[in-house]
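Undergrad: If you want the building blocks of each chain, they are given just below.
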Amino acid sequence: MRNITITCLLIYVINLLPVAAFEIELEETFGDNNSVSTVQILSSTDSERFRPVINGFINRNPELSVRYVTASTAEIYTAIATESTTFDLVISSAMDLQMKLANDGFTKTVTLAGNENVPNWARWRSEVFGFALEPIVLLVSKQDFLDLKFPKTRRDLLALMRNNPDIFINRIGTYDPKISGAGYLFSTQDSRQSDTFWRLAEVMGRLNTKLYCCTSKMIEAVDSGELALAYNVLGSYANAELPSDSNAQVIALEDYTQILLRTAVVPLASKRPDLGTRFLDYLISVEGQDILDKLAKLPALNNFEISKLANRKPIRLDSGLLVFLDKLKRSAFLREWDAALFQN
Amino acid sequence: MRKPISLRWRLLVPLIITAIITSALLYFTMRQVTKQAVQATQEALLEKAVTSILEQTRFTENNVEIDLPYNIFTMLGAISEDKVYYRVDLDGLFLTGYEDLRLKNLTVDNEYIFFSSTIFRGVKLRQATVQQLFLVNGKSRLIQITVAQTQLFQEAILRDMSRNAGVIGISFFGFALLVALLATRSFLRPINSLAGTVSRRGAHDLRPVKGPTPPELMPLVLSLNGFISRLTGTLRQTETFIAEAAHHIRTPLSLVKSESQLALRKSKSSENRKHLHNIIESVDMSIRSAGQLLDHALVLYRSEKIDEKRLDLAVVVQHVADNLQPAADLKDIIIKTEIINTGDIFVMADRVLLEVALRNMLDNAIKYSNPDQLIFVKMVLDQNFVRIIVLDNGRGIKGVKTKGIHKRFKRGSNVDDVIGSGLGLAIISEICIILGGSFILKNNKGVGACAILQLPVC
Chain U
1275 MRNITITCLL
1285 IYVINLLPVA
1295 AFEIELEETF
1305 GDNNSVSTVQ
1315 ILSSTDSERF
1325 RPVINGFINR
1335 NPELSVRYVT
1345 ASTAEIYTAI
1355 ATESTTFDLV
1365 ISSAMDLQMK
1375 LANDGFTKTV
1385 TLAGNENVPN
1395 WARWRSEVFG
1405 FALEPIVLLV
1415 SKQDFLDLKF
1425 PKTRRDLLAL
1435 MRNNPDIFIN
1445 RIGTYDPKIS
1455 GAGYLFSTQD
1465 SRQSDTFWRL
1475 AEVMGRLNTK
1485 LYCCTSKMIE
1495 AVDSGELALA
1505 YNVLGSYANA
1515 ELPSDSNAQV
1525 IALEDYTQIL
1535 LRTAVVPLAS
1545 KRPDLGTRFL
1555 DYLISVEGQD
1565 ILDKLAKLPA
1575 LNNFEISKLA
1585 NRKPIRLDSG
1595 LLVFLDKLKR
1605 SAFLREWDAA
1615 LFQN
Chain Z
313 MRKPISLRWR
323 LLVPLIITAI
333 ITSALLYFTM
343 RQVTKQAVQA
353 TQEALLEKAV
363 TSILEQTRFT
373 ENNVEIDLPY
383 NIFTMLGAIS
393 EDKVYYRVDL
403 DGLFLTGYED
413 LRLKNLTVDN
423 EYIFFSSTIF
433 RGVKLRQATV
443 QQLFLVNGKS
453 RLIQITVAQT
463 QLFQEAILRD
473 MSRNAGVIGI
483 SFFGFALLVA
493 LLATRSFLRP
503 INSLAGTVSR
513 RGAHDLRPVK
523 GPTPPELMPL
533 VLSLNGFISR
543 LTGTLRQTET
553 FIAEAAHHIR
563 TPLSLVKSES
573 QLALRKSKSS
583 ENRKHLHNII
593 ESVDMSIRSA
603 GQLLDHALVL
613 YRSEKIDEKR
623 LDLAVVVQHV
633 ADNLQPAADL
643 KDIIIKTEII
653 NTGDIFVMAD
663 RVLLEVALRN
673 MLDNAIKYSN
683 PDQLIFVKMV
693 LDQNFVRIIV
703 LDNGRGIKGV
713 KTKGIHKRFK
723 RGSNVDDVIG
733 SGLGLAIISE
743 ICIILGGSFI
753 LKNNKGVGAC
763 AILQLPVC
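Quick note, the sequences are listed as chains U and Z, same order.
Okay, so the first sequence: first residue is 1275 according to the numbering used here, each after it adds one.
Okay, so the second sequence: first residue is 313 according to the numbering used here, each after it adds one.
It cannot be assumed that every hint is accurate.
Claimed, not checked - A few chain Z residues that face chain U, going by a derived Cβ cut-off under 8 Å, partial list only:
1) P316
2) L319
3) L380
4) Y382
5) N383
6) I391
7) E393
8) F406
9) T408
10) D412
11) R414
12) P531
13) I591
To be verified - One-sided excerpt, in silico: chain U residues whose CB lies under 8 Å from chain Z:
14) E1337
15) G1379
16) D1592
17) G1594
18) L1602
19) K1603
Keep in mind the hints are simulated off the structure, nothing from the lab.
All values derive from a computational prediction rather than experimental measurement.
Every residue gets a Cβ at the ideal spot worked out from N, C-alpha and C, and that includes glycine.
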């Protein structure tokens, strides 16, 4: 157990060290090859999902093309904070890392034309702007719940797991907070919301929960029936990727449902901050929000489904987010997490 | 010599300086108070942050546990969206947070919160530092905690505040300036009105200054009135002296004249007769001058106490013409008066003065006319004025410089052969001013001169 902890810490420390280049998942260029200029975007959102918005932007600005680079949220942070990359816009679902970029002075103060489109709760200073919402949900496999009631709260979920170990052993999935920045954010925010979280973690540990790097793998696993449930899954991905006759069922827990903000910042190192600002302005424009919501299936800031969720708890975009990024705080949290999850 | 400072500036300058100082004080006080209030709020939050972290600090066997309180950090950002930095040191070695944040060096036994300002990554920070000694396994360990926050919010508030304070200060200054101007004006009004009263007076109006006067100006008014009365007294004495002198000269002169005429009649020697003629001529001139001096004194005297009455102009003119007819008869001159195109004309004037003026006009006409001529006196009504025109067939004033001709003892350049004192035109001009009219002397179209006295009718 202790060895594992140390290994994890080591991995984390190594990740924090400056590396030659950050790890790119995919790089794509949209628009005309002969365009006048190119908007450089670094994002954690799949280009597949983002394609409609990018195309919408290029339709509006035919003289521009878009270079869209996807990477994990942690890599994105590293790229901006420690490497001399020159992206014009950085989009990430890790609000805390985006906050830290802004707080530590890596982002530019931006004046948006459609400033009033972004409500106060969805922005920090004029540096971090939220443009889409993301409910964090529970995903269950319908075939395993034929005789069981869908859980409505975390308390229900706890009882369900305790009472049916034969169904759930080895068949629960959740984010690995050590690998995934988003997973770490969800877990830490969970731990702030209620004490139920630690009991949940312990029960999950006892049922030998599998840890995942990303939402899409968990969705696949639940859909195929490999997993009986996945905890803390990005709701929009589930809604977008699952066919209507899928085996997976999305559940927004009623005791509280965390709402994540997808945010964008314009890095200080950008060579064309005006282009980054232009893309951001498009994202928050009425047309951009509409495309995000309807075509990209990334819920817009005023998404109706989300606004009527019971007990929605938006993760607040403020300096509090910096706390769990502290290395002592992080190691303490992960120590607790390991203690709960790996009980053998 | 230095120019004396005007009363207006003497008053305005201190008032304006006071307004400027007050406005500036207002501006800086408001700014200072706001700055202190905002700073105090921020310091209270920072203090809460460092003490909370300190309270959450625990030592285990050979480790230290630091817990950053999430809610405190949220709160730090709640008032303003200012950036937050922190640093925790153990035994003088960096433990966590921002390593480039400079820690304020505190003496070891200090156990209170220390506030300081610093520059971090090019931005001004306000930071709170706290330290505490822990005794762990018999070893003392020093923990130092610093939390710092940018002051962008404070600056924004100060900017707003300064703008508001500036507007208020400038408005206050503008208001004070307006009040100062009004005060100065109202202060100077009695002085101006006094000056106006005195300056609007006619040349010979020497009545004392009356009317309501502020007590502060009373000494000025009293001394002015005293001066006026002294001047009046002196003038009157002079005039009385002149009048008496003229009278005293005229009487013996008349005697000399009649005695000379008698002697002339009796004298047989042509040389004696020639001498006597010369004496009579000189005496005539002297009598005439004395008469005009008397007239002039009269004009000056009457100007102080005008006795205005509504006069039928034709009657007055005719009266004067009749009086002068004997003198005209000596040169076989006929005076004709006529009113052109209208009925009776009335003027509001002092009869004595009007008569003196008309007599002098006619006297001049007779004096400069050749014998056997006609002198016309025409009265023409022109809207609110009447022009009394005296036309003669004399030498006129062709080629004569008219400038200064109305001054006392000044005569035209073509009259050296005719006896005269040079007072006639001066008397007419002065009467004109008193009666509110005007006097013009010009050449007639044919021969002779044309004297026009214009008076307002009533």
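Undergrad: Quick one: which hint numbers does this structure break? Sort them smallest to largest.
TA: Result: hints 1, 2, 6, 8, 10, 11, 12, 13, 14 break, sorted rising.
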